[in-house]
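Take the sequences, apply the hints, and build the full model.
Number of protein chains: 2
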Amino acid sequence: MEGRKLSRRQRERQTQRQEMLAAALELFSEKGYHNVSMHEIAARSEFAIGTLYKFFTGKEDLYKALIREKCERFHQVLTEAIEGAGDEVERLRRYIEVKGAVFRDNVPSIRLYLAETRGASFNIMAGLDREIRERYAQFLDSLAGVFESGFRNGLFRPIGRSFHLAVALDSLCNAFLVLWLEDPEKHPYPEDPDTILNLLFEGLLSTSEGRGGDRRFESH
Amino acid sequence: MEGRKLSRRQRERQTQRQEMLAAALELFSEKGYHNVSMHEIAARSEFAIGTLYKFFTGKEDLYKALIREKCERFHQVLTEAIEGAGDEVERLRRYIEVKGAVFRDNVPSIRLYLAETRGASFNIMAGLDREIRERYAQFLDSLAGVFESGFRNGLFRPIGRSFHLAVALDSLCNAFLVLWLEDPEKHPYPEDPDTILNLLFEGLLSTSEGRGGDRRFESH
DNA sequence: ATGTTTTAAGGTGACGTCGCATTATGAAAT
DNA sequence: ATTTCATAATGCGACGTCACCTTAAAACAT
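Line by line, the protein sequences are chains C and H. When we follow our numbering, the leftmost residue of the first sequence carries the number 388, and every step to the right adds one. When we follow our numbering, the leftmost residue of the second sequence carries the number 388, and every step to the right adds one.
Keep in mind that a hint or two might mislead.
One copy or two, either will do: identical chains are not told apart, so a pair holds if it fits within one copy or between any two.
Unchecked claim - Taking lysine-lysine and the PhoX-like style, the derived pairs with C-alpha atoms no more than 25 Å apart in a straight line are:
(1) Lys457 with Lys446
(2) Lys573 with Lys441
(3) Lys457 with Lys441
(4) Lys418 with Lys573
(5) Lys451 with Lys418
(6) Lys441 with Lys451
What the hints contain is simulated information worked out from the structure, not anything from laboratory work.
Below you can see the structure in the form of structure tokens.
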């Protein structure tokens, strides 16, 4: 009842805004920022061009609002996944699953998110990438925290820095998800999170002593 | 002297072409395809705008030529790295090192390469992305071959599909390299390839039996 | 051989055209 | 009376063209 201080008018405006953003999202994710015109967005969202400019100062503003809101939402959901109950293994499993679900349910936004997060850091919009990446780095730290705490628990062996492991796990998920995005039939995202997790959990080398053991930590 | 069947004129044109491509590479990697004009490329390469159009049919053609040549070169070098001598561990190590070196020495091209390879598959240029990705998939198969052969040798334990492991390793490298690209000071690419390799080699779980052992291969 | 003319290819950059963001305007609606 | 709509107008920047210089090599003349 505190949050309900919006008048009917204001609530209407909110939904209008959302409709505009939704239309823009579709178009941007289909064709990319530069290949979408404001007129298209207006047409798709069934508003007049002038009305768009009542809500956003311009195309750039519209795009930024879109990205910011989506990113914030994703990071929030993923952070919840890893900060919930359970031991570290369960939390990592949940992270993998939630990440998959988020992708599946938000393909259009994900395309944009990936473009900003994993692109070449100049692509779509100067400045915005920096902002998004900082938020992402922050999230990676949360993820690293899970490994950290697993180390303290003795659940995990200290085979690397927790930040590296966080990067590793997240990039594994992303790699699988990008493959899935390209061709869902051919590269389904693993239903069992352990398929991904085991890439980190199970040692690949046959002999943990013998052949590899001696070379592992010899240098540097 | 068989290769020297180019006239002086033709050789000149080749260097001119290279100069144009070099200027374009700088600009594209600084600002992205859509934020660079042909006039800028002309200015930077110190040719007149009209001359560019003597060499390339248009901006798109120029960009494609650039990307194609760079990608081909990268894939070639990386394929050599994993197809050379040594056992599978050595070849993977060499891959990690070469990949790092390639990145370090080709930052501008790498930015474009990443945009095409790992972007959201709509970003820069329709059609081209598909082409590049196919070439990339082909490379991933080569990499998977290394794991495959490691399985046959008994050097690796069969903890997952070779293709997954290839994806995993490459995405690990990419993740570290992208971090490095953003902030070389803060996130140096590991000098010791084992830092990356061990993420796959060393099991993270404390007990390979106990807690995780029973759940590992239960489903699928 | 050396100077001169020819001529075709190379190189230039102002300019045309077009698409698009953004603004303006008057009618319609709520 | 304000918001939204429909449409047109404005302004800008980018691609790509083309008529015109410039160069250099070949043909010719001396």
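Against the structure, the hints come out as follows:
1. Only within a single protomer do Lys457 and Lys446 lie at most 25 Å apart by alpha-carbon distance; the minimum there is 17 Å, versus 33 Å between protomers.
2. For the homomeric pair Lys573 and Lys441, neither the shortest alpha-carbon distance inside one copy (45 Å) nor that between copies (43 Å) is at most 25 Å.
3. In this assembly of identical chains, the alpha carbons of Lys457 and Lys441 lie at most 25 Å apart only when taken from the same copy (22 Å versus 44 Å across copies).
4. Within a single copy, Lys418 and Lys573 get their C-alpha atoms as close as 23 Å, which meets the 25 Å cut-off; across copies the closest is 35 Å, which misses it.
5. With identical chains, the CA atoms of Lys451 and Lys418 are at most 25 Å apart both within one copy (17 Å) and between copies (18 Å).
6. Taking the shortest alpha-carbon separations for Lys441 and Lys451, only the intra-copy value of 16 Å comes in at or below 25 Å, while the best inter-copy value is 39 Å.
Hint compliance for this structure: hint 2 alone is broken.
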